[in-house]
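Visitor: Each chain, written out:
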Amino acid sequence: MLSETQARWLAEEILPHEADVRRWLSRFSGIDVDDVIQEAWIALSRTEPATIRFPRRWFFKVARNVVLQYYRRARIVPLSSLSDITDDTLVDSEPGPEQHVSAREELQFLSQTISDLPPRCRAIFTLHRIHGYSRKDCASRLGLSENVIEKQMARALRLIGDAYAQREKDHETGYRSFPHVGSWQNNAG
Amino acid sequence: MSDPGKTTRDEVASSWAMRLACGHLTANEQAVLDAWLATDFRNQGAMIRAQVVWQATERTAALAAGQPEAQTRAAVAQFHESRPARLTRRQVSWAAVASMTALLWPRQSHEMGRFYRTHDNMAENIALGNGRETGPGKGGGNSQLSLDCYSQARVYGTTIELLAGRCVTSSTAPTWIMTPYLRVTAQGRLQASLFERQASILLFSGSAQMLDPTNGQRLVLRPGEEVVASATSLTRRILSADDIAMQTSWMRGVVELQGQPLSEAVALFNRYNQRKIFVHGNAGARVVIGSFSLRDPDAFVSAVRSILHVDSVATPGRIDLY
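Those protein sequences? They're chains W and C, same order as listed.
The numbering used here applies: residue 145 is where the first sequence begins, and numbers increase by one.
The numbering used here applies: residue 553 is where the second sequence begins, and numbers increase by one.
A hint or two may mislead.
Unchecked claim - Dumping the calculated SDA-like pairs for lysine to any residue here, alpha-carbon to alpha-carbon at most 20 Å: (1) Lys280/W to Cys574/C; (2) Lys280/W to Leu572/C; (3) Lys828/C to Cys701/C.
It should be emphasised that the hints constitute simulated quantities derived from the structure, not laboratory data.
Input sequences plus hints: build the corresponding full structure.
Guide: The following block contains the structure:
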């Protein structure tokens, strides 16, 4: 399981870029984006945060190497996909000023996502996560069992996760040639 | 995210992530989780991601600064407003039995509910309904609600939802009384309590009907009958007049002690009074019998001094018993 430091780093520095990584992955045929992302999360969870200077770039590299592994295992790989992945075209992941994860932007995104939750889910999430009510207090206040509170919180968690996956770009990001595409183990950001 | 397998994986992962966030897993739960994680590497990825998403929502606590308590209450009120449209399986069961047994379902309220909360004071005889029509095809009914101290209730339409503590309702028209474990439609006078994951209904007069959540059978309560329910059990019993008087003594501003330790009696007084009593040493274990005015701690202390021969020191804010 994740340590608190790891979880915080992944939440603040990696997760906000997932939608961009997904969009980039969608250009490759013969892969399942969700599978690649899930495998990438396993690799990301093994990362030592202190060794990564540019988390966004790191996420793309990890995802790219997962795709390469898929292609190596696959018997038939579309030529166009091979061309894309070997042309070293990655999303611009240089840490320009517009690329930094803005805490305010993240909060706005979360605020909007929460407001889009179903009413029941939203009320429970608001009480529990935003206002810090315990499960028991939430249950008492809303006249529900603690089990229902937990299930609704799990539902909220999944929906927020979906929102992160489908998040629209907050800023225009071009694609550019990225020279450092060797083994991801050797390119820690 | 449209792949059903992926959706299920995310749902399962979110459930486990919440389970972990809520506390430690039992050995059995941990074994089930480990087995699920070992089934497919993608489950591991989904699990890690769910935990990261949960961590990411931590920053939403900052939103609390822009959402004062009033907005929280609004969220709660909105939640309750949305409940009739989102019935759980249990609620559907309730509704089905209610319709089969011709229970009178109150008209759905479109007004915002009112939230009542007491601290160390009681709220007595709150008029409900305002003379509005309170049932299908029925004329206006008069309903009253009295809340014990440290109680919370929400009232919307003809539904009274007890959220904590104890209340007494009196209604001439069918009224729904809801607690997490008991839901009763009643016309008459009853007491509802909710303490420590256990709810009870005590019918004083009139009629009340409910569904036994343990077996789905309809129950008709008789005056003097008490139903006590938790998440897993339900018991019924007929109370004697003395038992009823004791259970409702708070309504009369009286506390009837029948051999409780002094520490327990003092805790009861402290619930209802700003001037607190503190018991020191062995005095707390002494047994007290008698009937006392709940709002008069001085008289209680005076009686205790003479009966139990304890010493007391009274200051403006507190009374100490030794």
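Visitor: Would you mind marking each hint as holding or not holding in the structure?
Guide: Hints, one by one, checked against the model:
1. Taking the CA atoms of Lys280/W and Cys574/C, the gap is about 11 Å. The hint holds against a cut of 20 Å.
2. Of the supplied pair hints, the one linking Lys280/W and Leu572/C holds, its CA atoms being roughly 16 Å apart against a limit of 20 Å.
3. Distance check on the hinted pair: Lys828/C and Cys701/C sit about 15 Å apart at the alpha-carbon level, within 20 Å; holds.
Comparing the model with each earlier hint shows no violations; every hint is respected.
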